[in-house]
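Chains A and B are the protein sequences, given in the same order. Counted the way this note's numbering counts, the first sequence spans residues 1 to 84. Counted the way this note's numbering counts, the second sequence spans residues 101 to 184.
Straight-line C-alpha distance at most 30 angstroms; calculated DSSO-like pairs for lysine-lysine:
#1 K33(A) x K133(B)
#2 K133(B) x K30(A)
#3 K30(A) x K130(B)
#4 K33(A) x K130(B)
It is worth saying that the hints were derived from the structure and are not from the lab.
Protein chains: 2
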Amino acid sequence: MDFLTILGLAAATITTISFLPQMLKTWQTKSAKDVSLVTLITFISGIFLWLIYGIYLQSLPIILANGVTLVFNFIILWLKIRYR
Amino acid sequence: MDFLTILGLAAATITTISFLPQMLKTWQTKSAKDVSLVTLITFISGIFLWLIYGIYLQSLPIILANGVTLVFNFIILWLKIRYR
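Isolated chain A (complex conformation) (with noise of 0.2 angstroms):
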């Protein structure tokens, strides 16, 4: 693997990764009212238009990254839509 490859996906893990600390404290600290839902809401349209780009250039790394990303902003999404 080259190094470029190498960047992109460390690049793609760590942006991924990086909703999980959200989702916890969100989750136990049941409150969201500081999270924008704006945000929240075009950020996951423009995951998911990442993911059909991925689809149509058949590139898993695309596609996993943005699919992964995608499920965790939904959860994020639902614990923001529940506690507010």
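Given chain A's structure and the hints, the job is docking chain B onto it.
Same frame as chain A, but now just chain B:
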């Protein structure tokens, strides 16, 4: 411009601007206790790697999208540290 390029640019634009509402919300409410500091720092680290990736690839869309996302999230991080 082909469909795939338009799709990628739309995805990049939407995910990039999605952080504006969070920035404005935190700025206005002066409260960020529900926003995860670990998520912000991890996300910024990942976006920084994406920026380096874009510079290596000499891809203007990747550089622009991640450069602007980095600026927005640095401002959100600064507000988070300021207001807690």
